[in-house]
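Chemist: Build the full structure now, drawing on both the sequences and the hints.
Protein chains: 2
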Amino acid sequence: MAPEESWEVNGTSTTPSTAEKLLVHHKENHFTAGEVVRDVILGVSDGLTVPFALAAGLSGANAPSSLILTAGLAEVAAGAISMGLGGYLAAKSEADHYMRELKREQDEILTVPDIEAAEIGEILAQYGLEPHEYSPVVNALRNNPQAWLDFMMKFELGLEKPDPKRALQSALTIALSYVVGGLVPLLPYVFIPIAQKAMLTSIGVTLAALLFFGYVKGQFTGNYPLSSAVQTAFIGALASAAAYAMAKVVQST
Amino acid sequence: MAPEESWEVNGTSTTPSTAEKLLVHHKENHFTAGEVVRDVILGVSDGLTVPFALAAGLSGANAPSSLILTAGLAEVAAGAISMGLGGYLAAKSEADHYMRELKREQDEILTVPDIEAAEIGEILAQYGLEPHEYSPVVNALRNNPQAWLDFMMKFELGLEKPDPKRALQSALTIALSYVVGGLVPLLPYVFIPIAQKAMLTSIGVTLAALLFFGYVKGQFTGNYPLSSAVQTAFIGALASAAAYAMAKVVQST
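So the protein sequences, as listed, match chains A and B.
The numbers in our numbering rise by one with no breaks, and the one at position 209 of the first sequence is 313.
The numbers in our numbering rise by one with no breaks, and the one at position 34 of the second sequence is 138.
Hints listed in this document are in silico derivations from the structure and should not be mistaken for laboratory results.
Check each hint, because a few of them may be wrong.
Put simply, identical chains are the same to the list, so a pair is met inside one copy or across any two.
Claimed, not checked - Using 20 Å as the maximum straight-line C-alpha spacing, the simulated EDC-like pairs for lysine to aspartate or glutamate come out as follows:
| no. | residue 1 | residue 2 |
| --- | --- | --- |
| 1 | K258 | E226 |
| 2 | K269 | E198 |
| 3 | K258 | E223 |
Modeler: Shown next as structure tokens:
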């Protein structure tokens with residue numbers, strides 16, 4: 105997730121008189137609607153790929169539609185839980201890690217302030233700053249422990265305070281999206297009992313969905329949408345080819 | 105370093121020498137043994153979970169070992185490609201994104217330096233710093249374009265320069281680890297033709313593996329290893345219970 109730019113350069117130059125006039129926007133750290141959409145895209149993209157490949161592989165092994173559905177939906181259930189619960193627990197762990205690091209920095213600020221103050225200097229010196237240039241910053245931070253703590257968390261440890269509600273939201277969104285994505289390639293097998301025919305339909309709708317979601321994903325990540333669409337579809341195609349080949353191999357032994 | 109001519113506000117265009125001097129020379133993210141181990145743990149943990157759950161689910165649906173192997177190995181092949189290739193392409197996209205943001209910051213530094221300088225102030229002001237305290241820093245950075253660029257990339261955008269070789273290495277490591285992880289719950293079905301019996305062995309070895317890898321994962325992420333072990337095993341158990349239930353439901357319709 106990229107932090108926001110507070111300024112867009114549109115090729116025009118400006119001549120502001122004071123620094124304040126240049127600061128147009130307050131930087132936001134979070135844009136929740138965008139994060140939800142991102143999670144949907146992630147979940148659906150994943151859900152489209154492996155269930156599709158598994159179903160295609162089993163079709164190649166001449167399994168009946170009913171069995172393909174059994175395997176496919178079981179995989180979707182397992183995958184959604186693995187992604188959803190796994191993601192949630194990972195986010196909680198990160199939050200715990202953040203709180204432990206926060207406490208440690210707090211302790212260091214209180215017990216060994218001179219060492220911590222020297223660390224501020226070290227950080228700023230990496231940018232070619234001389235002691236006489238950064239010492240006002242060090243002194244100001246020493247007199248403002250909360251700001252000092254925030255500064256160390258961000259600039260020494262590179263940690264952002266996680267939002268626990270986001271963790272749950274994100275996990276649920278990804279898991280549900282995975283289910284929705286997985287249903288796309290599997291639904292043809294519900295309606296078309298002959299697996300080989302269902303597979304053709306499945307390939308058609310899934311390919312279309314992969315291209316569409318790849319395109320949308322590209323727009324959201326700021327990458328070339330067409331390229332993203334092709335890559336997403338290609339991964340699906342390659343994964344299903346591998347599953348198909350593997351199924352054939354196992355069946356022949 | 106004396107200020108360059110092109111740093112004046114009135115919109116003079118960059119001189120080629122200044123542009124060339126903005127060497128893109130950033131800290132490389134070093135490849136460490138720790139990162140490889142982390143990728144192995146990630147891949148194996150994932151590989152242990154869904155293939156296990158799928159196999160358990162199909163056993164519950166009374167599928168023979170041969171079919172469970174077909175489905176399981178097909179899923180492992182598809183999953184490894186999805187994770188491996190998907191991860192690699194995502195990392196490449198991030199690298200492209202980084203280069204585009206880098207170029208944009210470079211352009212902003214050259215064309216609207218006053219705005220960029222004000223942004224430094226904005227960043228530091230978040231830590232309670234007054235203009236008279238941070239202006240030496242701003243001036244020092246203005247005289248050191250490379251450091252200024254590094255500072256903006258890190259503190260404004262929060263971006264680290266990605267290492268393209270790491271992307272490939274990481275993807276391959278995760279994909280291979282996924283395969284190894286997936287084989288653990290599936291091997292019993294190779295040697296034990298009666299699926300229900302194979303499932304018991306599969307549950308046993310997979311549970312042990314989940315606990316072990318969860319423990320190791322906990323040590324690497326700095327979380328309580330026992331807690332991590334239990335969580336990892338729990339996800340596996342829940343995912344397989346869901347797969348089992350789903351398979352039963354689908355078989356009964």
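Chemist: Which hints, by number, does the structure contradict?
Modeler: none
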